[in-house]
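If you use this note's numbering, the sequence shown corresponds to residues 1 to 224, in order.
Calculated directly from the structure, the hints in this document are not laboratory data. Hints may be right or wrong, so weigh each one.
BS3-like cross-link-like pairs, simulated, lysine-lysine; straight-line CA separation at most 25 Å [unchecked claim]:
(1) Lys86 to Lys105
(2) Lys101 to Lys32
(3) Lys45 to Lys32
(4) Lys116 to Lys105
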Amino acid sequence: MPFSNTHNKYKQKFSAEEEFPDLSKHNNHMAKVLTPALYQRLRDKETPSGFTLDDAIQTGVDNPGHPFIMTVGCVAGDEESYEVFKELFDPVIQDRHGGYKPTDKHRTDLNHENLKVGRVGYWGSQLDIGGPSWIWGSQLDIGGPSWILGVPIGYRGSQLDIGVPAALNSLDGEFKGRYYPLKAMTEQEQQQLIDDHFLFDKPVSPLLLASGMARDWPDARGIW
Numbered sequence: 001m002p003f004s005n006t007h008n009k010y011k012q013k014f015s016a017e018e019e020f021p022d023l024s025k026h027n028n029h030m031a032k033v034l035t036p037a038l039y040q041r042l043r044d045k046e047t048p049s050g051f052t053l054d055d056a057i058q059t060g061v062d063n064p065g066h067p068f069i070m071t072v073g074c075v076a077g078d079e080e081s082y083e084v085f086k087e088l089f090d091p092v093i094q095d096r097h098g099g100y101k102p103t104d105k106h107r108t109d110l111n112h113e114n115l116k117v118g119r120v121g122y123w124g125s126q127l128d129i130g131g132p133s134w135i136w137g138s139q140l141d142i143g144g145p146s147w148i149l150g151v152p153i154g155y156r157g158s159q160l161d162i163g164v165p166a167a168l169n170s171l172d173g174e175f176k177g178r179y180y181p182l183k184a185m186t187e188q189e190q191q192q193l194i195d196d197h198f199l200f201d202k203p204v205s206p207l208l209l210a211s212g213m214a215r216d217w218p219d220a221r222g223i224w
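Modelling step: build the complete structure from the supplied sequences, incorporating the hints.
Written as structure tokens, this is what we have:
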């Protein structure tokens, strides 16, 4: 199992009341939702990949946040986390995303002609899109997990290091490319890809580190 807390049976020697973290000075959505009663109901549950409630809330416990900056305070280790720990995630998501309920559906429309373009603020000013060109360029980065392998904090290195490169390198035609594993790159190659906005640097944020995003770095990381 990939997660550190999953098989720590030592914690089972203590009651839920003893294990419940002190969140009195925390400013994140998890701390607003998690109660001793909810912790007791969920702390012994885990997803098929071994993700537990303690794994989910670790980043929010370790990082109390700032009085004026509300962070999320929890992470999902896999797709099943949203169902197993829905009593935590549903209200957190609803609070974080302006009332987005479990019954709501995300609408996808990739037709650019349906975009409703308004006015863009630039250093305090208002600019009409389509008027004088003040924007020279833009970049959109989109990331998402593999349905089979899960999210980054739950990746198994052997699966990514073997299966994903083989699949990507098998593409041909306009999709033909090459997979470069991070651990086989030189420092110069890594920095050049970072400077060109193709490669993300190693996570250093306490929020990301506490959630496990840098686990086993640089294994199972690469660019295609």
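Next on the checklist: For Lys86 and Lys105, compute the direct alpha-carbon distance and say whether it is at most 25 Å.
Outcome noted: holds, 16 Å
Next on the checklist: Does Lys105 sit within 25 Å of Lys116, going by the straight-line distance between their CA atoms?
Outcome noted: holds, 20 Å
Checklist entry - CA of Lys101 to CA of Lys32, is that 25 Å or under? => result Holds - the C-alpha atoms of Lys32 and Lys101 are around 17 Å apart, at most 25 Å.
Checklist entry - Hey, Lys45 versus Lys32, does the alpha-carbon distance stay inside 25 Å? => result Holds, at about 21 Å.
Every hint, counting from the list given before, is met by this structure.
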